[in-house]
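**Q** One letter stands for each residue in the lines below.
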Amino acid sequence: MGQIFDIRLIPEYTVKLLSGIPTTLLLFILVTVLSLILGMAFALIKIQNIPFLYQIVAILISYARSVPGIVQLFVVFYGMPILIEEFTGVNATLWDPLLFVVIAYTFNTSVFFCEAMRTAIESLDKGQFEAGFSVGMSYPQVFIRIILPQAVRISLPTLEINACTMMKETALAYTIGVTTDIMGRATILGGRSYHLLEADISASILFLILNFILVIVFSRINKKFFTFKRKESVAV
Amino acid sequence: MKKMRLLYILSAFTLVTALTFALAGCGSKEASAAVGSKKVIVQTADTFDPDGFLNDKGEADGFEIDVLKAVAEKLPQYEFEYTAAPIDQITVNLTSKRIDIAALEFGKSPEREASFTFTDEPYSTLVTRFIVLADNAEYDENTTIDDFQGKTVYVVKGGDADTIQAYNDEHPDNPIDIQFISDPATCVNDLVSGKADAFIRGEVAIPAYGAAYGVKLKGVAEPVRNEKCYFMLQKDADPALKEGIDSAVKKLIEDGTIPALHKKWHHDVDYTPPYTYQPVYNG
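Top to bottom, those sequences are chains W and S.
Everything in the first sequence is counted per the numbering used here, starting at 1 for the first residue and increasing by one.
Everything in the second sequence is counted per the numbering used here, starting at 1 for the first residue and increasing by one.
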């Protein structure tokens, strides 16, 4: 016979939920990589003040900042297939829900990455661009070799917070039918056995471990960049 | 210089667009397989054991799926695909035409009939009861809904809550104290601790919760809901599909397949309509 709260189920469920880690990590890695690219594109549009695109990005940023993540997910999941069918005639309603999660989270996270990178780039002295141009470097060369490394270092703490938040937000994927990630598996496991609390505790243990690893990874990268900075300042 | 900037930005956008479409391409393979064929996508719940759930292999399983698999055998012109989703999403997915059949003990209501097409042949009965502790002598075969006036009863928002609210509207002097609590563990825990006097749930929950929590429960009073259940199809569903399902369900009831599936999944109880409830159900 069972118990209303059975603590012995927590280790058992934690082991079972390990099978959800690949999907959660796949979601996290895809969204992070795509968000960095899109976020950088958004940041450049804002910095270069490109007419029309600037206004579009500004609206997108306002939307992503103001609307709850779960609502954004529903809008993409239910709205995007209608738009796709309207403009291309392609029936997108049966596409894998994971794809809509990646699109919704990429859009949401890229906005926050954009702001982190934009403020980092704008905080740098414009003289650095001029110095690069004076030695014959092109704009992309100055940007990639001089500006970007510094901007990444400055924006790293903000990127870390946003990445950690995004890792947790992947749990919402279950609401549109993704059942292979940690939270999807936890809900099914707990729902079927009527021990949802135990399953949620097991999921929280795994998220705690994953985010702990993420913090260590960012800390290592951070340390590397700051070491570079100290050497530079000693040399000066 | 300005050209180079624009080139850089355009390159970034091209990359993002290419990645997005590459991902979209992965998903579209599934979609293209469904277009143009007589594929019928069935959806049930992912955690509603024993009626609809995802099994250990990650496949949709349970009573509803077994019934539809039997129906599919009688309709070889259709290719049935079985899926499961969170309960709240099933009707939304049917509205957005992601699925063709919603299967989860759906009873008819004017709201649902305005949005969906129901099959005509009922295959099950949804029976919800007041559930109390089995050793609670206060409630027995003579218990009626009136015995819960002034008592705290946990209900799930929706059908049962609406029925109790309608009862309260007729008895404003001494209404039933409705609390919207759906978590099974909380319902049973509060029943044991005395915070709640009863909760309302399907009869099938009585043996299931008893086994999961080690508590003996019983269902008392007249069912709060005693509804015939049908499959729910898209509003503009193919009439041939609806007729095919109705014809198959009728035959499966007559040959004893559906009654046997009820007994297999529902603790040896046959919920094929018409269902006669027991005054006290001990699971």
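Hints listed in this document are in silico derivations from the structure and should not be mistaken for laboratory results.
Treat the hints with caution; some may be incorrect.
[Stated by the list, open to error] Just so you have them, the derived chain W footprint on chain S, three or more residues with Cβ under 8 Å: (1) 80-86; (2) 163-177; (3) 185-198.
[To be verified] If you want a taste of the chain S side facing chain W, the calculated C-beta under 7 Å gives, among others: (4) 89; (5) 97; (6) 212; (7) 213; (8) 216; (9) 260.
[Unchecked claim] So these bits of chain W aren't anywhere near chain S, every CB distance computed over 12 Å: (10) 62; (11) 77; (12) 79; (13) 128; (14) 150; (15) 161; (16) 167; (17) 175; (18) 177; (19) 193; (20) 196; (21) 212; (22) 219.
Using N, Cα and C, we set each Cβ at its ideal position, and we do this for glycine too.
**Q** Hint by hint, note whether the structure agrees.
**A** Right, here's what the structure says about each hint:
1. 80-86: holds (count 3)
2. 163-177: Violated, because only 0 residues of the segment 163-177 of chain S bring their Cβ atoms closer than 8 Å to Cβ atoms of chain W.
3. 185-198: holds (count 4)
4. 89: With a minimum Cβ separation of about 6 Å from chain W (threshold 7 Å), the hint on residue 89 (chain S) holds.
5. 97: holds, 6 Å
6. 212: Holds, because the Cβ-Cβ distance from residue 212 (chain S) to chain W comes to roughly 4 Å (cut-off 7 Å).
7. 213: With Cβ-Cβ at 5 Å, under 7 Å, it holds.
8. 216: violated, 10 Å
9. 260: violated, 23 Å
10. 62: At roughly 20 Å from the nearest Cβ of chain S, residue 62 (chain W) sits farther out than 12 Å, so the non-interface label holds.
11. 77: violated, 9 Å
12. 79: violated, 10 Å
13. 128: Holds, because the least Cβ-Cβ distance between residue 128 (chain W) and chain S comes to about 16 Å, which exceeds 12 Å.
14. 150: holds, 18 Å
15. 161: Given that every Cβ of chain S is farther than 12 Å from that of residue 161 (chain W), nearest at about 23 Å, it holds.
16. 167: holds, 20 Å
17. 175: violated, 7 Å
18. 177: Per Cβ check, residue 177 (chain W) is inside 12 Å of chain S; nearest 4 Å; violated.
19. 193: violated, 6 Å
20. 196: At about 7 Å from chain S, residue 196 (chain W) fails to clear the 12 Å cut-off, so the statement is violated.
21. 212: holds, 28 Å
22. 219: holds, 28 Å
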